[in-house]
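Model the full structure from these sequences, guided by the hints.
Chains A and B are the protein sequences, given in the same order. Per the numbering used here, the first sequence runs over residues 2 to 82. Per the numbering used here, the second sequence runs over residues 260 to 501.
Simulated from the structure, these hints should not be mistaken for lab results. Some hints here could point you the wrong way.
Stated by the list, open to error - Interface residues of chain A toward chain B, partial, derived using beta-carbon atoms under 7 Å: (1) 50; (2) 51; (3) 54; (4) 55; (5) 58; (6) 62; (7) 73; (8) 74; (9) 75.
Beta carbons: idealized from backbone N, C-alpha and C, even for Gly.
So the chains spell out like this:
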Amino acid sequence: MIPLQAVALALVALGGLAVVVARDIVRQALVNGFFGLSLVVLFLVFQAPDVALSAITVSSAAAPLVLTIAILAVRRREGRR
Amino acid sequence: MSLRTRTGLFLASGSVLAGLLGWAFAGLPAFGHYHGVYGRALDRVSLGQTHAMSTIASVTFDYRGFDTLGEEFILFASVLGVSLLLREMRERDVDAKRLTERFEPIRATGRIGVPVLFLLGLFVIAHGYLSPGGGFQGGVVVAAAIVLLAIAVDYRAYSGLAPKSAADLVEGVGAGGYVAIGLGGLVAGATFLESFVSRGTIGELASSGTIALLSWSAGIEVAGATVVLASEFFEELLARRR
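Okay, here's the thing in structure tokens:
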């Protein structure tokens, strides 16, 4: 394992922990985006560029969009009560 | 259950899981030492057979093209399900004013980002069989560009550019196009999804036969599906409820 790969693995471990530790749900969605980005780097340094591209689109485009809209919708519904 | 019992339960089961994981990882082959026969065989023959520089593209859109057809229709069916559920539950009129006030630097960044992302998406779809990428990834990037227009720039410009009827149509054309290209193989006297156009010269944009066509149809389908999905969620947020 080259140092770059070790660093990428460590970043993924830290990122996953950060997502769990974050308490505020909006912040958690943001941190989750950065965790996704660290996964992209991991796939890239382990020579899987195709998977990295898929991870970019899923973790930094699709997932945050669905998450933020869902959070907004839930908040709006709770605000009405 | 008290905190102490829960912590104890977690530590016990967590240590068992960690031990099993460690045991499993210890048995993995070292990085770069691949043992699969199928992958090795494809690595040897795929370039000559499909003329696609990216072996991954030749697997997804040629050797395993039928699996990709299934994947496409998983996406198609799930977006259909979301649309059916959400469209039934709300009124038609959407209050676009709710999304129009935006911080100016965000709008400026969005104006630059939208065309750049859109072009990048088309590039990723078009070069999927030459370099990493392909229809699925590029399709989401194209859709992300269109959705960014709604989020960062102007919702009305978005609903003007990508009205839901158009996105529905694009999604359907992409999904149907994949099947049509597959049937083209049958018409040409080969099997379903077998390449019936010239494979071209390796490394050129006009190469790899139907892999390029299937990649484009997957890209169109995924872009349409993602935009439909985003539109449904936006309208869910913006629509006045009954």
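**Request:** Of all the hints given earlier, name the ones this structure violates by number, lowest first.
**Result:** 9
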